[in-house]
Amino acid sequence: MKIAVCIKRVADSETRVKIAADGKALDEAGVKFVLNPYDEFAVEEALRRKEQAGSGEVVVVALGPAAAQETIRAALAMGVDRGVLLQVDRIPADGLVVAQALAAELKDGGYDLILCGKMAIDDYNHQVGPMVAELLGLPCVTSIAHLELQGNTGVAEREVEGGIEVCEFPLPAVLTTDKGLNEPRYPALKGIMAAKKKPLDIKPTALAVGGLEVLAMTPPPDRKDGRIVGEGVAAIPELLRLLREEAKVL
Amino acid sequence: MTAVLAVLEQRDGALRKVSHEVVTGARRLADAGSGTVEALVLGGGTVSGADQLGRFGADRVTTATHAALGRYTPEGYTRVVVERVRARQYDAVVFPASATGRDLAPRVAARLGVPLAADVTDLGIEGGAIWATRPVYAGKALLKVKLLARPALLSLRPNVFTPVERPRAAAAETAKVDVPERGGRVVVREIKAAAAGALDVAEAPIVVSGGRGLKEPANFRLLEELARAFGGKAAVGASRAVVDAGWRPHADQVGQTGKTVSPTLYVAVGISGAIQHLAGMRTSKVIVAINRDKDAPIFKVADYGIVGDLFEIVPRLTEEIRKLHA
Ligand SMILES: Cc1cc2nc3c(=O)[nH]c(=O)nc-3n(C[C@H](O)[C@H](O)[C@H](O)COP(=O)(O)OP(=O)(O)OC[C@H]3O[C@@H](n4cnc5c(N)ncnc54)[C@H](O)[C@@H]3O)c2cc1C
Ligand SMILES: Nc1ncnc2c1ncn2[C@@H]1O[C@H](COP(=O)(O)O)[C@@H](O)[C@H]1O
Chain A
1 MKIAVCIKRV ADSETRVKIA ADGKALDEAG VKFVLNPYDE FAVEEALRRK EQAGSGEVVV
61 VALGPAAAQE TIRAALAMGV DRGVLLQVDR IPADGLVVAQ ALAAELKDGG YDLILCGKMA
121 IDDYNHQVGP MVAELLGLPC VTSIAHLELQ GNTGVAEREV EGGIEVCEFP LPAVLTTDKG
181 LNEPRYPALK GIMAAKKKPL DIKPTALAVG GLEVLAMTPP PDRKDGRIVG EGVAAIPELL
241 RLLREEAKVL
Chain B
251 MTAVLAVLEQ RDGALRKVSH EVVTGARRLA DAGSGTVEAL VLGGGTVSGA DQLGRFGADR
311 VTTATHAALG RYTPEGYTRV VVERVRARQY DAVVFPASAT GRDLAPRVAA RLGVPLAADV
371 TDLGIEGGAI WATRPVYAGK ALLKVKLLAR PALLSLRPNV FTPVERPRAA AAETAKVDVP
431 ERGGRVVVRE IKAAAAGALD VAEAPIVVSG GRGLKEPANF RLLEELARAF GGKAAVGASR
491 AVVDAGWRPH ADQVGQTGKT VSPTLYVAVG ISGAIQHLAG MRTSKVIVAI NRDKDAPIFK
551 VADYGIVGDL FEIVPRLTEE IRKLHA
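Read top to bottom, the protein sequences are chains A and B. Mapping to my numbering: the first sequence position 80 is 80, numbers consecutive. To get my numbering, take the position in the second sequence, counting from 1, and add 250.
Some hints could be false.
[Stated by the list, open to error] Listed below are the simulated PhoX-like cross-link pairs for lysine-lysine, each with C-alpha atoms no more than 25 Å apart in a straight line: (1) Lys-465/B with Lys-442/B; (2) Lys-18/A with Lys-396/B; (3) Lys-224/A with Lys-396/B; (4) Lys-18/A with Lys-573/B; (5) Lys-248/A with Lys-573/B; (6) Lys-573/B with Lys-32/A; (7) Lys-573/B with Lys-24/A.
None of these hints come from the bench; they were simulated from the model.
Could you build all of it, start to finish, from the sequences and the hints given here?
Laid out in structure tokens, this is it:
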């Protein structure tokens, strides 16, 4: 099994968002960066599949700034064999530009599986995985929470509104991973030590211009100050009155 | 003249509710450029509800049919939408950011080589350019982007574009289309349906969510009764703490690693309001919180809060709501 996993360096979910001076991006000062949590499911799944097959290779590819080397090392510490950094100054807002760079890197890799997270928790784009699949002409199932592989056929389950879709697909394929697929392992100390010596290939990358221009990043509109209506059951009539007359939702 | 294509969604031969939202969003964009809305429905045959889309502002409705399009097939649907877009000059193509739309829209974007603004909550035209606003960093910031390529692709977050009736006479047509056998290499073998009639939290107009404050799984019965009192408009959601504990299915989880919901009314019961939970529900129109800890962070985002014991409050609230609906 030869498996590639696309991983992204993202701001941790606890980040207090401060907007940069240009009004168009996150102010990164003091922000903690982590491996995108959905990509952890992808890395874990890749490692398990390789372990089951008894042989193969798991490669991670990240497009990002020099600091994304740390993100790659985190995946190497989990057990990934080697990493590739497509180094850019800044990750573009246009997911297609990211997908094009990743697809170019993955194109001739001979991978049986290419895994991505279902979305990055910073941009909520939900798009790079299926875009990579299209650009490579590969079959793709997104947001999977269950996977069975037998020979060159796979069956994956994905959640849709009100149900679960059971999808059949041939390999090679691109899959994007959702929570529930597995429990990602924590790197052991041995893994962390080993990660330092594993190959990490840094490739300076020129990106296409893309067709999305960021106009502004703004804080979300303030919710008007919350109000405690009262305590206990005694507050119910007033709550209902407010929902009916003020909020007009009943 | 802004020509907008609205790509709609059906299941089992009936249009899904989110389709009205997509037509409504498409209409807004078309109106900003005094243009037209064409709706595209893909199905195994005629789709019920497609003839009603004029009510929400569609100028023309096309149902593209093929035996393999009854269920969503990623490759078959992509091909039909791309062919349609290539055959005409659209300024924008609008999808729902549903499970299906999130799968389909990026493929269409990649095939056409144009960007996609995903999970859009606001849109418009300024100086001839289409712009869209979308939440990033779990709703802690909004990103406003300009789409420079044509067509501009957008997917709309469910429950944000409240359907507005804008009646007009829509021309309807049905066109047989060609797709690969079985629709492509990826085949949806079956859809394991959730309990009949159960609303999905991502799409319900009212969501009643419970957290660890409910103490044990059986107590979710209280929330199910409250949801029922709203007369079929409410779904029961959950915090991650109770999903991880196995009390509720993952499909019900609201938050960063669960679903993003924007209902008209969100009722948080026994939920503390951790940042990752807020990520999934802070764009709800009205938030009500019931929690016995007056300092719980959920009260900071709640429009209305009641401090107290949920086991006393919820049954009474259910009774009162039932009376309202009786
Ligand atoms: C990477 C990551 C992703 C995450 N994703 C999610 C996510 O998607 N969704 C999510 O919800 N969480 C998520 N979390 C977890 C989140 O941080 C919280 O741990 C979780 O939301 C807490 O759930 P809770 O509010 O049910 O429980 P608690 O925080 O334990 O809160 C229980 C609340 O119930 C109240 N209570 C207790 N008894 C009563 C009573 N009798 N009457 C009234 N009130 C009562 C208490 O005052 C308390 O406020 C994530 C965490 C991480 C690190
Ligand atoms: N800059 C990147 N480098 C590598 N992989 C990425 C990058 N951006 C997105 N991905 C992959 O695509 C998935 C979906 O991201 P997104 O479409 O941005 O929500 C992520 O979970 C990653 O697997």
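Taking the hints in turn, this is what the structure says about them:
Using a Cα cut-off of 25 Å, the hinted pair Lys-465/B and Lys-442/B is violated, with the two alpha carbons roughly 30 Å apart. For the hint linking Lys-18/A to Lys-396/B, the alpha-carbon distance of about 22 Å falls within 25 Å, and the restraint holds. At most 25 Å may separate the alpha-carbon atoms for a hinted pair to count; Lys-224/A and Lys-396/B exceed this at roughly 29 Å. For the hint linking Lys-18/A to Lys-573/B, the alpha-carbon distance of about 46 Å lies beyond 25 Å, and the restraint is violated.
Restraint check: the Cα-Cα separation between Lys-248/A and Lys-573/B comes to about 17 Å, which is no more than 25 Å; the hinted pair holds. Note on Lys-573/B and Lys-32/A: the hinted pairing is violated, with a Cα-Cα distance of about 50 Å set against a maximum of 25 Å. Taking the CA atoms of Lys-573/B and Lys-24/A, the gap is near 50 Å; set against the 25 Å cutoff, the hint is violated.
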